[in-house]
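K.L.:
Read off the chains here:
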Amino acid sequence: MDIVVSVKTNLDLQMIRIKNREPVLEAIPYKTGDLDKNAVEAALQLRDAVGDSKVIALTVAESNRKVRETIKEVLAMGADEAVLIVDPALESTDQAGVARTLAAALQKIGSYDLVLFGEGSSDDYSGQVGPRVAELLGVPQIGYARKITAGGAGVLVERSMDEFIETLEAPLPAVLTVVSEINEPRIPSLMNIMKAGKKPTEEWSLADLGLDPAAVASSCETLSNLAEEQDRKHVMLEGGAVDQAAGLVNALLKEGILGR
Amino acid sequence: MEKVDCIIVGGGLAGLSAAYGLASEGLEVMVVERGDYSGAKNVTGGRLYLSPIRDIYPELWESAPFERPVTRELVTLMGDGASTTLELASDCFATAPYQSYTVLRARLDQWLADQVMEKGGMVITKNRVDEILVEGSKVIGIRAGADDIGADVTIIAEGVLGLLSSKVGLREEPLARDHALGYKEILELPSSVIQDRWHLNEGEGAAHLFMGEVTKGMMGGGFLYTNKDSISLGIVVGMSAMRERKEKIESHTLLDAFKELPQIRPLVEGGTLVEYSAHAIPEGGIAKVPKLFGDGYLMVGDAAGLALNALLTVRGMDFAIASGFYAARAVADAKSRGDCSAAGLAQYEQSLRSSFVLKDLETAKDIPHIMENPRLFTHYPQAVSGLLEKLYTIGPHPSQKLSSTVIGGVRKDFMNARTLKELYAMRKI
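One line per chain: the protein sequences are C and E, in this order.
Anchor point for the first sequence: position 254 equals 254 in the working numbering, and the numbering is continuous, going up by one each time.
Basically the working numbering = 1-based index in the second sequence + 1000.
Isolated chain C (complex conformation) (with noise of 0.2 Å):
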């Protein structure tokens, strides 16, 4: 069996300041995003368990030394092989130009029975690649996948919604979209990560994939980023810890956050 895993990298929104009520996103490590690892861990143990499969890290990024370590953090998890498309066009894109690009890297890659997916990326969270890419590959796709068993027509897919479990089957090639609590990602050992650059990795740009950047140029516009901005009160209590207590409950009180 082939499965390609999508994963992306996102800055680190952890380490994300605020200032003068707009990001400041200079110098924010990067970060794989946390359902891509769920899913590359997904693929690795249906590699393993199938037998006579492998597994392709694929990702989508203006520059390599964006993408440098998300790929040798899932090479070093264990997938066999890398694909990069990396081209500056791709710094303005969005999600349907992430998923032409990927659906035309799919075709050129050209065998695979499963592209896996996290259900929503750490960043934007949007859940529209995934199905995306499958509508332009006209597979059959699954989300909120918690668990995958290769069998039936093709895979047999537990989907966790919030109320009951869902059990459906799909014939391959199929689009799957994975959950959180459908593994645990594995850490990757020291020496799997001093190997993980030796595996074969490949690098194209949309020209290597016959896209044009007008293709993959963003539909949308950004025409305001500011944080929401809040009043203080600027309450001062005085007086010892009692008191201060006292009339924090009273100060609450007025505000009706207390009392309702």
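The set of hints was computed from the structure by calculation and includes no laboratory data.
Straight-line distance between alpha carbons at most 25 Å, and here's what the computed DSS-like set of lysine-lysine pairs gives: (1) K1335/E with K198/C; (2) K195/C with K1335/E; (3) K1003/E with K1119/E; (4) K1228/E with K19/C; (5) K1259/E with K1246/E; (6) K199/C with K1126/E; (7) K1119/E with K66/C; (8) K1003/E with K199/C; (9) K31/C with K1126/E; (10) K1216/E with K1390/E; (11) K1003/E with K198/C; (12) K233/C with K254/C; (13) K198/C with K1119/E; (14) K1126/E with K198/C; (15) K31/C with K1041/E; (16) K1335/E with K1138/E; (17) K1041/E with K66/C; (18) K199/C with K1119/E; (19) K195/C with K1126/E; (20) K1126/E with K1041/E; (21) K1003/E with K195/C; (22) K31/C with K1119/E; (23) K1259/E with K19/C; (24) K1119/E with K195/C; (25) K1126/E with K66/C.
These numbers were taken from a predicted model, which means no experiment stands behind them.
Add chain E to chain C, keeping to what the hints say.
P.N.:
Just chain E, lined up with the frame of chain C:
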């Protein structure tokens, strides 16, 4: 046990410098760093002296992400209620090639890690080395989590406390008396404000050290370095001095008080606190430098005690980079001869001895002892400022002749047996 050519324990400047040298030689090198990224765990005052290491990896420094070249040097002797500042604006410091730069280590170290990886070295972050593996007298590799990994040579760049190396007897356990505590805040200020406040031309930087009342007379001092869009403001204080002080004092209150001083408040006004950090600093001098090499291992940087506080100049990063460079050269030679025993690696210590690293530490060998004298941080800053205060004072009574004020002040504060003895002892530094 799987094996690589060289494992480097710690991805700070010393470890990365060694890794860069080894990777450039085509050796298989694995740097293991416990922080989220190189520089994440680092606390440095903020100045790198580039002059001593400019010829080491000359290709690197052109593109290094330094903050500002230091063109203005200031030192303030703080007495109780009066302080004296000396400011040196020297043409030779303001002309390229600049002798020193302010740096932010999170930026500098990550950049150097990138350079190592460009050369094919592997820098593995978020992984902690738990143990240095020793067989007989020979270091054979490391244990990290469930992994045991062997190496022909292990370069120990674990930083100041040397916990892993002291655990296996490669150096002594760290003692408080050989260390200082350094802690600092990074305060963001617009670049134009920094240039205005410190009278700097565009892009230039200032370094300002403080002695005396800033540490309440304890061994140590304050520092202030200007970065591009921030300042690094902090305090270094001897650990023994802190412990032995009768009236106990919490270290962070020193920094709070420092920021509130009338001469500091206007400088930090409006700064946004973006980072607070603290770290131990080696201050033992050459007497505390451990054995630098043995069968299968080398020690570099702070782990080897290679740091020098000479009051007006505080150095460590240049020593770290140089020791990493010489370590890489020694390992590459040892590997090519197939002899990674102590004898095969002995060249490392020889190169450090014939370079500025051990020469400067040797020259400064009496400084740690002189600095143990608390009067250096109490009597002298007070005496200098007190004398100047008298010279500048016009009171209600007729003034003395300038010369009598000077002679009187010098006689009172400097011409007594104790001070003369101390000044005589200082000839050694």
